[in-house]
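Visitor: What follows is each chain in one-letter form.
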Amino acid sequence: MIEDEQFWGRQIPLPQAPVNSATGITALKQVGNRLQCQRCTHLLAPTDRLANGEWYCRQCLQLGRLTSQLELYTIPEPNRFVTAPTGGLTWEGQLSPQQERAAQAVQDYVKARKNHLLWAVTGARKTEIVYPALAWALAQGWRVAWTSPRVDVCLELAPRLHQAFGQVAQALLYGGQEEPYTYCPLTICTVHQLLRFREAFDLIIVDEVDAFPLATSPMLQHAIAAAEKTSGCHLYLTATPGDQLQKQVANKQLAVTYVPLRYHGHLLPQIDLRVAWRWRAQLSKNKLPVALIRQMKAYLATQQRFLLFVPHVVDLPVITRALQLAGIQGGVTVHAADAERTAKVQAMRDRRIPFLITTTILERGVTFPNVNVIILGGDDAVFSTAALVQIAGRVGRSADAPSGEVTCYCHTHTKRVRLARGMIARLNLQGRRLGGRK
Amino acid sequence: MNACVWCGRPLHQVVTLNQIWCWAPLTQSVACDQCRQRFTAITSQRCPQCGRQQTDETVCVDCQRWTGRPLTNHAIYVYDEAMKAYMQQYKFQGDYALRLLMQEPIRAALFREHYDVLVPIPVDQATWQKRGFNQVTGWLRQAPFQQALLVLADHKSRPQSAKDRSARLQTPQPFTLAPNAKEVLHNQRVLLLDDVYTTGRTLRHAANQIYLGGAKAVTSLTLAR
Ligand SMILES: [Zn+2]
Ligand SMILES: [Zn+2]
Ligand SMILES: [Zn+2]
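Quick mapping for you: the protein sequence lines, in order, are chains E and W.
Heads up: the first sequence begins at 1 in this note's numbering, then just goes up one per residue.
Heads up: the second sequence begins at 1001 in this note's numbering, then just goes up one per residue.
Wrong hints could be hidden among the right ones.
Result set (DMTMM-like, lysine to aspartate or glutamate): computed pairs, CA atoms no more than 25 Å apart in a straight line [claimed, not checked]:
| hint | chain 1 | residue 1 | chain 2 | residue 2 |
| --- | --- | --- | --- | --- |
| 1 | E | Lys344 | E | Glu405 |
| 2 | W | Lys1216 | W | Glu1183 |
| 3 | W | Lys1084 | W | Asp1095 |
| 4 | W | Lys1130 | E | Glu178 |
| 5 | E | Lys415 | E | Asp243 |
| 6 | E | Lys229 | E | Asp108 |
| 7 | W | Lys1182 | W | Asp1124 |
| 8 | W | Lys1084 | W | Glu1104 |
| 9 | W | Lys1130 | E | Glu54 |
| 10 | E | Lys229 | E | Glu5 |
| 11 | W | Lys1084 | E | Glu340 |
| 12 | E | Lys344 | E | Asp400 |
| 13 | E | Lys111 | E | Glu128 |
| 14 | E | Lys229 | E | Glu3 |
| 15 | E | Lys297 | E | Asp350 |
| 16 | W | Lys1084 | E | Glu178 |
| 17 | W | Lys1084 | E | Glu179 |
| 18 | W | Lys1130 | W | Asp1154 |
| 19 | W | Lys1130 | E | Glu405 |
| 20 | E | Lys29 | W | Asp1095 |
| 21 | E | Lys415 | E | Glu199 |
| 22 | E | Lys252 | E | Asp108 |
| 23 | E | Lys111 | E | Glu100 |
| 24 | W | Lys1182 | W | Glu1113 |
| 25 | E | Lys415 | E | Glu405 |
| 26 | E | Lys344 | W | Glu1081 |
| 27 | W | Lys1084 | E | Asp338 |
Chain W is faced by these chain E residues, among others (derived, beta-carbon under 7 Å) [claimed, not checked]:
| hint | residue |
| --- | --- |
| 28 | Leu50 |
| 29 | Ala51 |
| 30 | Asn52 |
| 31 | Glu54 |
| 32 | Leu61 |
These are computed hints drawn from the structure, not numbers from a lab.
Beta carbons are placed, not taken as given, at the ideal position from N, Cα and C, and that holds for glycine.
Here chain E stands alone, though its shape is the one from the complex (with noise of 0.2 Å):
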């Protein structure tokens, strides 16, 4: 038997109806003359049918296939959490008077349930502008999913929540996790988990919202709209939002918090831009930009670490090569399929290597104190404008080394180039006006 915690706020596919008070809709349901996933709004192919006749979606077979014998079971989630009034909030540390003032702002949205977005600079900790606004809401006796496009983003943070919410009872949900799902006031999880729940949470707050593959995917902006109760809110949290969260807040349907200085007080360093005339064509004969040599023997001589991003995969073995050729040694190279990833990042956060060589996967989520950016082909389609003002922001993320440089070498001026540099330009402007220091 399952227990019906199982099913508060969750839709649980079953053959048959449950020995208790939850109610199923059919899994796939007639929708014109196709078939509809209930739990992802995929729109069935003809051909997606099994030997039996029975029909299954595809689109969210990862989570366990749903097929036209099943029905998805579900008890309305009826919030029976023990509360505190403090929210079970035990972080300690100090929010600067900027972060106080946003802290505040997004704590207003919260309480009158209105959806937010709190645009914040790389660095600004928007984690901890959040926490007042979470404690009061657990305070209430809210169920609240923290939620990420992003795993690593999950898994970097539920350490840190556990951390600051010490007493609030917590579950971390994503593909792969090994632990069994409980019943907790706060869920972290992948917005791909959320496709499991159905109206369960007074407040969904989105991390890294503009990350891939959210804003492309209707399937996981319908995951986050179907999890949310009727009455309830978000909170989307980024530093770069794209477009069409960036028109929302034009056309006034989106309120918006800017934190548009960093914790420490400094603005954002801006994308130095130099040409590099047909620097793919140099780099099949094996050679790179003179002044990106030049920069980088003088980066190692000085030993200041840094980040040499790359548009692809396949890159990496060839300006490996390169640079051996050019005598530049020492350089890891790390990429999303990775094995060793977390260690390398590790050695280089410990500072046993002078530089990493990354695809844009190292572009969020990941800090080095003191280092300094090179981006090769920055003109490349990978580099969005969101990647390279993100890319741009793993420099002087600590206090003591508050600024440093970043380079980013292109073929040719892109419209994406210019939109970063724009993008940094006018959050320094009003960071200016904050009393940011460069």
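The hints should help you fit chain W with the ligands onto chain E, whose structure is shown.
Guide: Just chain W with the ligands, lined up with the frame of chain E:
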């Protein structure tokens, strides 16, 4: 536009000159090159009995331990990480569409085998209900086959993949002959078809039943070893 059945990336149909010259029917490819190249084909340097990839062509240690009537197995691919990932999504997550990915390799492999009757390893009734398909027959497009074996209703205790080698080797006979089996098997060369050759236990149980049904020779083909 068509999309790769495994990774979902758009497919660019390429028509080769050869296809045009030969008036060959344009076969619709179902997977992208990257996905198809993830698998490792077994070369001629393999165990002559179980078909496993080796660096020479001698009978492997596992095969030397088998007693009784020998069974020659051919396998198409190495059971590596890519194959595990494929089987995981196809068989265990139940993504029936992925059968399309292996239909062509299976067809080509069957073409190279010498047999009269093809007998796929069956799944039991409960699996059929739950999974909704037999993962082996899913790979067969036009090749005729005979469901000469049935799974005994009471055989199931634990799934094969959860057992270690010694536990698997002790598994009792799970198969019985279908009612019409003796007619179709009598004096025939039979080829068994299964997904993965792990210990060879399942295939040997099947082969024993097929011999009881009157077959004069039994060999087997598996997708992976
Ligand atoms: Zn679905
Ligand atoms: Zn593919
Ligand atoms: Zn062998």
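Visitor: All hints, please: hold or fail.
Guide: Consistency of the hints with the structure:
1. Lys344/E - Glu405/E: Holds, because 22 Å separates the two Cα atoms, which is no more than 25 Å.
2. Lys1216/W - Glu1183/W: holds (13 Å)
3. Lys1084/W - Asp1095/W: It holds: about 14 Å lies between the C-alpha atoms, which stays within 25 Å.
4. Lys1130/W - Glu178/E: holds (23 Å)
5. Lys415/E - Asp243/E: Answer holds: Lys415/E to Asp243/E is near 14 Å, not above 25 Å.
6. Lys229/E - Asp108/E: Holds, because 19 Å separates the two Cα atoms, which is no more than 25 Å.
7. Lys1182/W - Asp1124/W: Measuring from Cα to Cα gives roughly 21 Å; hence the hint holds.
8. Lys1084/W - Glu1104/W: holds (19 Å)
9. Lys1130/W - Glu54/E: holds (11 Å)
10. Lys229/E - Glu5/E: holds (17 Å)
11. Lys1084/W - Glu340/E: Holds, at roughly 21 Å.
12. Lys344/E - Asp400/E: holds (23 Å)
13. Lys111/E - Glu128/E: holds (18 Å)
14. Lys229/E - Glu3/E: holds (22 Å)
15. Lys297/E - Asp350/E: Cα-Cα ~21 Å, so holds.
16. Lys1084/W - Glu178/E: Distance of about 19 Å is within 25 Å: holds.
17. Lys1084/W - Glu179/E: With a Cα-Cα distance of about 23 Å, the restraint between Lys1084/W and Glu179/E holds, given a limit of 25 Å.
18. Lys1130/W - Asp1154/W: holds (17 Å)
19. Lys1130/W - Glu405/E: violated (58 Å)
20. Lys29/E - Asp1095/W: Distance ~19 Å between Lys29/E and Asp1095/W Cα, so the pair holds.
21. Lys415/E - Glu199/E: Outside the cut-off at roughly 41 Å; violated.
22. Lys252/E - Asp108/E: holds (17 Å)
23. Lys111/E - Glu100/E: The given pair, whose Cα atoms are some 16 Å apart, holds under the 25 Å limit.
24. Lys1182/W - Glu1113/W: At roughly 22 Å apart (the allowed maximum being 25 Å), Glu1113/W and Lys1182/W satisfy the hint.
25. Lys415/E - Glu405/E: Holds, at about 21 Å.
26. Lys344/E - Glu1081/W: holds (23 Å)
27. Lys1084/W - Asp338/E: Between Lys1084/W and Asp338/E the Cα gap is close to 19 Å, so the pair holds against 25 Å.
28. Leu50: holds (3 Å)
29. Ala51: holds (4 Å)
30. Asn52: Because about 4 Å separates Asn52/E from the closest Cβ in chain W, which is inside the 7 Å limit, the hint holds.
31. Glu54: holds (5 Å)
32. Leu61: holds (5 Å)
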